[in-house]
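Read off the chains here:
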Amino acid sequence: MASQHGSIGKNWPSAGALLALAVLALIALPALVALGWSSPGMGSTSASLLWRAASFTLLQAVLSTLISVVLGVLLARALSRRQFFGRGFLLRLFALPQGLPALVAVLALVSLYGRAGFISRFWPELPSIYGLNGILLAHVFFNLPYAALLTLIALQQVPREQWRLAQMLGMSERAIFRVIEWPVLQNALPGIAGLIFMLCVTSFTIVLTLGGGPAATTLELAIYQALRFDYDPRLALALAMGQIGLCVLLLSFLAKFRPPFAETARLSLGPERASLSKSGNPVPDMIMIVLSALFILLPILSVILSGLTADFSRLLTERILWRAIATSGGIAFTAALIAVLIAYPLALAAIRLESKGAVKQARIFEAPVELTLLLPPVLLGAGWFLILMPSASSVGYAPVLIVLINAIMALPFVYRSLAGSLRRLVAHEDPLCESLGISGWSRFSLIDWPILKPAFRAAFTFAFLLSFGDFGVIAFFGSDSIVTLPFLIYQRLGSYRTDDAAGIALVLAVFSILMTQAFSAFGRKEHAHD
Amino acid sequence: MIDLEDVQWTTEDFNVRFSLSFPGPGIIGIIGPSGGGKSTLLNIVAGFTDPQSGRVRINGNDVTGFAPSERPVSILFQEHNLFAHLDAAKNAALGLKPDLSLDKAEWREVDAALARLGLQGRETHRPAELSGGERQRVALARILLRKKPILLLDEPFSGLGPRLRRDMLEVVRKLQQDLDLTVLMVSHDPDDLKAIASHAVFVADGTASTPQTIDRFFATPLQPRLADYL
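These protein sequences, in sequence, are chains S and L. Sequential numbering of the first sequence, starting at 441, is according to the working numbering. Sequential numbering of the second sequence, starting at 112, is according to the working numbering.
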């Protein structure tokens, strides 16, 4: 009886994982088939468009990555060796852009550096924010602090003994960099740069709003325009193949270099690192820190200030705003739930198999998740758009598709944030649980759930925020009958009601930031108790 | 000779107060329950931890507030003593020049130090290609090159098997005799102390007992806590 129970307990994650795989295939494959439906025959105009879009995609991504990573490393090094009042606050500030919807960030940057922005008022000869300049600015706004935090996480993995050795041996700054920091950076930077490069290649909202035109169109934007404006599936297909090809190349590179990752990143480096640089000149570091802080803080302040000029007494009585909040919340909640429900059984199955030495079988469950990175949401949206567009009922399917595509979009990130905790769980608890015969539901409720709760919450919050602020999918399926907050902002911008847009952006930003902060405060309390 | 005069260090949940003199040269064992303050004691001597009050004297010189590199002290940790991307010779050479700008004669000195610790032929091996015992020998070669009169050992051999551990203790004893070192050795195993220490100190609850000769220390445990621990 007990052994029978045990075998059921062992089988269910695989059954769940297979189910999750099936769901994943059902969402992704039809979109791909639809993209491949029309036989590719390319005219010379589309070939030149493809070429132009592909080279612009690469150009902006290379430049964005270079600037973000170089400045990010400098910032991380400055932050790593200086202890000062407000350091913790700054680290939280640098984590903010990650939780900010792209559309909000774009509005923020435009209200600051745009033609009528705060900065341009004092400095009229500022180059235009539209085109390559603006795309780079927005990408660096998101990715400079991200690169810095990832670099700090990597540096934080240097064991404390080695900082003490450096103290004891009296290493100079140069020796510290050469002996301790450079090897760490050498390991971490390809992964960090690859990740940021990937984010910039697949960035959609920023390019849609700040780019466009023949001079500044990426592959994703071109796909969107080919479908939504020109309804040219052949062109879309050619562009999509280009995009997938690019992503395959990138992913094969990323697979070799994994970016540093810590589920609960403690970014305090301990007193050793700071005391090593006590005697050095702190001014260059502090300049780097202050400039970076202003670069992040000013747009956020600007969102708040220009948001407050909106006529909230009218805005808040508009039913469409409340409907948009409810729609966004509903979509994000469902999408996050689905992402977690798909990712958990897949991750559990993969990690169990891996721990038993069945690495190849483990890949069956892990690879599809990585493959979804190949399918930027815009591609999935494009595929389903092609399937449903001819039929009149497409509007009815839209919410379902938006939810599912958002779920897939969040999947790789949810998988990653669960995998770390699951790996520890499997390594530490599996042997004991198996020897005691704890399995099935009792195992999940007594052992797994209490241990995994923080990881589940982190994964869910992340997926929720990603969908809540998403504009890439809704850009395809949004209509008057399905309006999310980002879509509403875009509509108001389109009808030149900039104040309304700023007000709604403030609502979206406040909600996103509160979610992130509430979650991290929550996580800390939990940590303090154990 | 290391003197801690009324040294006090307090954090939110931990408080240590040390007042004692370690005789030297020789090997003094430090034993006691985990969380009792053994490592804090070493950190205060090494200069990683700055006490809020009291003085630290080494061989008569007041070194309170000195940076770790300004103290005549070397330390061997339980792990992470070596940098993974540097080979054995370079790891040891850090003891001579922490920026690795050694001349020919100095590199010969490094090779000699490695050979003295039984590491001939291992010079170009990286830590991953060395055994646990060999890694600690490389770290000891570095300590040999630094030529500091005080050596702190923070449970450096507790990850090793019994045979290897006896060998390493023997290496430490020989180093101590050859260089006339004062060695403070933290351990949780009485056998380590009995094997090589001349004196012993019991550290628990943030305080340290007066050093005693090793025979008396184990023959008549003065404190009930020590008897308990043993």
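Worth flagging that the hints you see were computed from the coordinates, not collected in a lab. Among the clues, some could well be false.
[Said to hold, decoys possible] Quick partial rundown of chain L residues pointing at chain S, CB under 10 angstroms, derived from the structure:
(1) 157
(2) 175
(3) 178
(4) 196
(5) 281
(6) 284
[Stated by the list, open to error] Restricting the straight-line Cα-Cα distance to at most 30 angstroms, the calculated cross-link-like pairs of lysine-lysine (DSS-like) are:
(7) 259/L - 718/S
(8) 893/S - 796/S
(9) 208/L - 718/S
Positions of the beta carbon are idealized from the N, C-alpha and C atoms, including for glycine.
For each hint, the structure was consulted:
1. About 7 angstroms separates the beta-carbon of residue 157/L from the nearest beta-carbon of chain S, less than 10 angstroms, and the hint is met.
2. Among the interface hints, the one on residue 175/L is violated; its C-beta lies about 15 angstroms from the nearest C-beta in chain S, farther than the 10 angstroms criterion.
3. At about 7 angstroms, the closest approach between the beta carbon of residue 178/L and any beta carbon in chain S falls short of 10 angstroms, and the interface hint on this residue holds.
4. Taken as an interface hint, residue 196/L checks out: its beta carbon lies about 4 angstroms from the nearest beta carbon of chain S, inside 10 angstroms.
5. The criterion of a C-beta within 10 angstroms of any C-beta in chain S is not met by residue 281/L, whose closest approach is roughly 24 angstroms, and the hint is violated.
6. Because the beta carbon of residue 284/L sits about 23 angstroms from the nearest beta carbon in chain S, more than 10 angstroms, this interface hint is broken.
7. For the given pair, residue 259/L sits about 24 angstroms from residue 718/S by alpha-carbon distance, which is consistent with the 30 angstroms threshold.
8. The straight-line distance between the Cα atoms of residue 893/S and residue 796/S is roughly 25 angstroms, inside the 30 angstroms bound, and the hint therefore holds.
9. The straight-line distance between the Cα atoms of residue 208/L and residue 718/S is roughly 21 angstroms, inside the 30 angstroms bound, and the hint therefore holds.
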